[in-house]
Amino acid sequence: MKFLNPAGLWLLLGVPLLILIYIIKSRHEDRAVSSTFIWKLSDRFMKKRLPLQKLRKGLLFLLQLLMIIIVAFLVARPALVTDDGGKEYIVILDASGSMLTENDAGKSRFDRAVALIEEMVNDISTGSQISIILASDDASYLTQRSEVATELRLVLQNAECTYSGSDIDGALELAQLICDKNSSSDVVVFTDHDFENTENVRVVNVSENEWNMSVTGLTYTKHSGYYTFVGTVVSYEKDASVTVALAVDGKIIDAQLVDCTDGKEATVLFTVEDLTDFEVAKLYTEADDGLEADNAYNACKKVVQENKVLIVSASPLYIESVFSVMSDCTVTVASSLEEAVLSDYNLYIFDGCVPDTLPQDGAVWLIDPNAAVDGLAVSDKVEEDSYLSLAEDSGSDVYSMLTAQLNVQNISISSYTQSAADSTWETILVCDTAPILFTRKEDTGFRTVVLAFDLHDSNLPLLSDFVILVRNLLNCSVPEMLTDTDYSVGEMVSVTVLPQSQQLNIEYPSGTVLGLSVKASYAKFSPEALGIYMAVQTLTSGSSQYVDFFVHLSAEESHATVEESVSVVLAVTDAETADAGTEKGFSEIWFWFVVALLIFILAEWRMYYYEQF
Amino acid sequence: MKNIVDGSFFATLEVLDLNIKKLMNGQFGGNHRSSAYGNSIEFADFREYTAGDDLRSIDWNIYGRFDKLFIKLYVDERQQHHHVYIDTSASMDWGEPSKAYAALRVAAAFGYLSVQAMDRVTFFALKDSDCEDLCHTVVGKDAFYRAVGKLNQVEFYGETDLCAAIKACENPGKGDGVSIIISDFLTDSDWRSAVDYLLYRGREVVLVQMLSRDEIAPGMNGKLQLMDSESDGEEDVRNYKSEITKSSVKAYAEALAYHENEIRKFCASRAVGFMTLCSDESIEKILFKKGLEAEVVK
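Chains A and B supply the protein sequences, listed in that same order. In terms of this note's numbering, the first sequence opens at residue 1 and continues consecutively. In terms of this note's numbering, the second sequence opens at residue 1001 and continues consecutively.
So here's chain B without its partners, still in its complex pose (with noise of 0.2 Å):
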């Protein structure tokens, strides 16, 4: 796989920034506005004051009209711990480019956002019931360049169960970030669950949704016996028979989009960010015009 970065796609990446709509914790000496109250500049409330608190809080101009003491607080802003997750089953490795390279480059961007903001960031492989743990925590460009390079040697075999995966995540985080998931999707396995369960988490999720050309628009007819490539042979029933018709080809292009419907109200029914992505688009349409639709980025 050639490498996933260059120079052009970090100078594409210095405009933009992660959309955090929610208020995070996180921890301390970050960017971004958490829930708490902390010394920033930015007014947030008032508060009547109580002994111990810093005399130089006091607003003497409220004191002046109710003739109480009132002390004004002020937002707090936190470094966030983002979570990236890639599905490295075999169906992520197909088309051209495939859909794998396509997932690692929009992973690596959503990396490059993360350090640039002073956030941290970990890349997990989901293959099989497991998540890996591909670089530990990066903070950091310098870390991120080096995380790249392990992002390069990621490689998509087997299947993968997202929920089970996810599930096992040892460190999937709490109320500290955003949780970006990058998969076709074209799974049973129940990523429904792995999202409410981040969700509960108190993270904020975005799911990305990665397809080939040819699975957009298959350009196949006759009798034929698609393998999915998952499949362990002929016999397995995975594999799907059928006479490939231009009926065929229509009810796939509406299965499609059912299926993409169905993530999409999922997705708006958790306020769980969402898009659809091409495995031959740019990285400049993925983010400027994709994330921005989505709000996955700002």
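Chain A extracted, bound-state conformation (with noise of 0.2 Å):
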């Protein structure tokens, strides 16, 4: 036996408030009369109680708390489980950006599926079960075999599309995992996506082939004295031309009348003259299509940042060289430590010599050290020709920064300086075993890089590879925020934490802000919204860093409806190894407790109305 209304059961409460009358009720209530004299001679003439009138009083106990266990049985409605009649049904609720898309009727696709799926639930027969799957970006449960209608009803009505992909993978699985349990199951896939009718998936395609136009790209170039703006757009389920604006700072710019043919995606350039700088440009169309979240495309203007770099070398030539082509940064030389000044800069490099104090206020690269420093002890060199190899891989997220595009094999050496460094370091390069380039964060939050190697000894300076190595080194040494300035939904967004970073805040478009931790290199996090969010760091010495990105729809859910040639198929199970108990269905047998009801009724009005009166 199963209950189709469990929460009906809550009425079982009444049994202990039975009980509590009783016990309340077990005083006897003070009655005047005149005289109690016939009362005390009744006793004389009462008759020997049977037993059962003795049990009377238990017996009205009993019969009453059955009648409440029946009340609440009946409003749990209670059902018989029998081999036939009830079905399962699993759907799966496409809820990506693209089910956004609205008819002429404004109703989104997302909402039709919705109200599709509340049109099933009603036709169900009693007993069915439903399972509901949101595929988004990840695949979920709304409900789990469920065969309450209005539990169903509710989680529709709360369910919300987002602007992510959608997992129809993951969902499938999900299914799978509930056709496992029962073979007979209807998988049924609401979706705007055109995938092909299976055995076992019905596949209800919610498009309406909508006519969407979309902005999907925008892209700068600075000039002198002007700034050139790149747009591209397209056009689906047919041609059309429309009109998109370019707006910098909020100020519209110049706007464009643009042919587009149905899938081709059109170029337009705006030019604008004497702009100098600008935070944020957004091209854009007020087209009256189904889609309006992609209709606007933000390009945040990337700061560049200036690294001050230190050189403080006898010979200068290879890395000044390869400095000179960072056009991020400016590079000052010392021949000695005794010319330099060392503070100010954001990169300190010191070839073949090692000051006392290593500076605190930026990163260090050691070439070549001569002395030891704090847990790095170096001894003589030695000379040997051999080749450079990776480093076991840590998996740190250093390590694969640093060796990022680095072709190490080709790099040799003549000579090395034998270096012992502690369990603080992370080798990335040895020769043989011994470590040749390793790197530690110190406790400033600044990064220590060891080349252990004099570069006159390598022929890495002759080699490409040097300046991806020395690119590799000042993007792991000196951080951007962010390497790029648009997402799409969904994208895994990697902030780099900065040295001395104390706080890192991610301002969502909506002005909730997010808090993330500071602890690891890199911060990430999955933008939901659509727009323009801001990364905000805030370093020990008070002052904060900020770096704007937008993020938009991707390109797949502003066309959703291209015929997939991917279909949607479920294993079968073999209905022996299923489990039998779940493939059911149930007949309700309110009208045998309602019976039993009338029966507990009568007996009890039998044994307490007639015998008080």
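Some hints could be false.
Computed from the model, here is a short list of chain B residues facing chain A with C-beta under 10 Å [to be verified]:
1) Ser1008
2) Thr1012
3) Asp1045
4) Ser1212
5) Leu1224
6) Glu1230
7) Asp1232
8) Glu1235
9) Arg1238
10) Val1249
11) Lys1250
12) Tyr1252
13) Ala1255
14) His1259
15) Ile1263
16) Arg1264
If you are wondering where the hints come from, they were derived from the structure by calculation, not from laboratory data. Every residue gets a Cβ at the ideal spot worked out from N, C-alpha and C, and that includes glycine.
Dock chain one against chain two, each of which comes alone in its own frame, and use the hints as you go.
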């Protein structure tokens, strides 16, 4: 037996209430009479009670108890499990951004899908079970194997569409778990993708091929005294001529009429004279299309940080040369430690020398160190021609960043300084087993890098990998907060935690602030809303650094009705291995409970009312 | 309490008289036959003539037949003195209308019947172990009307030991009338001894049991502690704690019938008149139906 409305069992709380009433009622009520003479005399005339009469009170209590239980059961709608009748449905609801596309009536695909599911809930027979899986960025159950229509409707009312993609595969995996238990389950996918129907999966395409005008990109180029902005727009489902406008820092600059061919990307170019700088440029269209979310695209101005670099070297030729191609760096060269002023630089490079105290206000590179530093002992040079190799991958972000696009097999050295680094250092490159390139993050938050060989004793300066290595070292030592300024919804945004960062907040377009941890080298999060975000890092010095970035709808969501070759298929579970108990229907048995209730009421009346009066 | 008598009350009683079965002594000048021979016109017996007898009483026809002198004796009619004892315990002040009101009306009725028959009547209030003479001996209707005023002022409270109270009566009478005891007889006191005492005094006795409607048919149920009106509080042993059910009520009715029957049997064994009344019954029904049935009035 199963209860179709288990909430009705709350009425069983009446049982303790009844017990309480019996306890309270056990007191005798005072009643005045003229004389108790006859009442006392009547004791002699009381018939000898039958055992049943002695139990009368107990039986009354028992009957009332049973009545409460039966009423609770009735409200809970008891049903017997049968082998027929009920059926199981698994509904997959696509909640991707494209489902926000509205038809001419102003109803989105998502709303239409929800309405269809509600109709389905209304039509299913008693005892049928429905599981609803929401396929957004991740697939998740909204409700699992529910038989209660009210609960299902509530779940559907609360379901929300997202701007992200749809994890249909993940949803099918969840559906498969249910199918493994009940092989006769019907799987229905409500989506706007043209998936093919299969034997056990029915696809309901809620798309009405609505027209969608999408602004898919905006880039800018700075020229002397002016900027050029290049945008791309696409019209889906029909050819269209639309007006696209460019606004810079909220001020409309220009608008152009663009002829778009269905599905083909059209380019639009804007030249903005007399523009020295800007923060945000916006390319948008006010076309009355189905999906408004992709009608605008923002380009946030990337702020290039200028890095001040001090090179202390007796022969800085190679290292100075490589920095000359780094446009974001200003280099100062000192031939000796005595000449150098060790403050106010982002990066200090000591080639062949080591200061008594390492600078505390920037990253430090020690090339061919001739003296020990904290946690690192250096000894004699080892004269040996050999090639470098990568150290064992520690899996850290620093390792992957420093070795990115680096081909170390070609790098050879003729001698290196033998070093003994403690566990605080992370080795990146080795010569045989000897550490050659290793790094660590200091307590100050800045990074120290040791290159344990003289560049003159290596072919590295002659290789293109030298530039790559220096760029990787620079990115790691003086990192940028963000490498890009535009992301799509659901894409992982990795914010570099700056040295001496105390706090990292992400301000959403809605104004909501999300705090991220600054313990790791990178803080990652996945944006869910469209618009311009701002990453803010507060440093120990009290200053703050800001970066704006734009999160847009992915191009796939702008045109979801493209025919998919993918078909959604579920493995059919052998009926014998499926859980037979779940393949069921229900037959309500309220009638018998009503009969029992009437019998108990009559019995109770007979015992109580008739006896009393 | 409203007035126990009114004009219609007396009109109802005009045609009735107390039914005195025994021949009483009494005093002179009454309307009731006595055991003594007197000067009425009603023949009683013959007696042989002795010197000093009135010659006018000699029956000359008897002399002709038996050649002996016999004189005719006639019944003597005397005045009776009736006593009405009213139980004034708290249990009598119960019911709607109250038993007290009904008891006083019945007492007044018997009093009126007495004075109407040229008899004397005395009303006694029984309280605790005392017997209070409410208005001394009432003779004649004028005195009766004054006595009614006294009856109106009787208060019912406390408890009454019927036996002790009646025996405490200073002038219970001796063979000269009827003693009427009006009570609910819902008491453990030995009222039987009181009746025997009055019979010993040569009195004719009538018991009137006065009950209220809810005593005859109690309409109650559930778990109750019945508080006796004469009890001193919740802990008094006279209180009765029980769950009243239909069976209990049935047993009560049986007990009440048993109690009434016991009184009736006792009365029958001693030629004592008895009637059970309900406080809501009309005086007409009491006297013309129940009184006549019980042969208390004629």
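Hints versus structure:
Among the interface hints, the one on Ser1008(B) is violated; its C-beta lies about 28 Å from the nearest C-beta in chain A, farther than the 10 Å criterion. Here the hint on Thr1012(B) is broken, as its CB sits about 28 Å from the closest CB of chain A, past 10 Å. A hinted interface residue such as Asp1045(B) counts as satisfied when its beta carbon comes closer than 10 Å to some beta carbon of chain A; here the least separation is about 50 Å, so the hint is violated. The restraint placing Ser1212(B) at the interface with chain A holds, with a minimum CB-CB distance near 7 Å, inside the 10 Å limit.
The criterion of a C-beta within 10 Å of any C-beta in chain A is met by Leu1224(B), whose closest approach is roughly 5 Å, and the hint holds. Annotation: interface hint on Glu1230(B) holds; nearest CB of chain A at approximately 7 Å, less than 10 Å. Interface restraint check: Asp1232(B) against chain A, minimum CB-CB distance 13 Å, threshold 10 Å, status violated. A least Cβ separation of about 12 Å between Glu1235(B) and chain A goes past the 10 Å threshold, and the interface hint is therefore violated.
The interface hint given for Arg1238(B) is met, as the beta carbon of that residue sits about 6 Å from the closest beta carbon of chain A, less than 10 Å. A hinted interface residue such as Val1249(B) counts as satisfied when its beta carbon comes closer than 10 Å to some beta carbon of chain A; here the least separation is about 9 Å, so the hint holds. The interface hint given for Lys1250(B) is met, as the beta carbon of that residue sits about 8 Å from the closest beta carbon of chain A, less than 10 Å. Here the hint on Tyr1252(B) is kept, as its CB sits about 4 Å from the closest CB of chain A, short of 10 Å.
The restraint placing Ala1255(B) at the interface with chain A holds, with a minimum CB-CB distance near 4 Å, inside the 10 Å limit. Hint on His1259(B) holds. Least Cβ distance to chain A is approximately 6 Å, under the 10 Å limit. Violation of the interface hint for Ile1263(B) is found here, the shortest Cβ-Cβ separation to chain A being roughly 12 Å, above the 10 Å cut-off. Look at Arg1264(B): its Cβ only gets to about 16 Å from chain A, farther than 10 Å, so that hint breaks.
Checked against the numbered hints given earlier, the structure breaks hints 1, 2, 3, 7, 8, 15 and 16 and satisfies all the rest.
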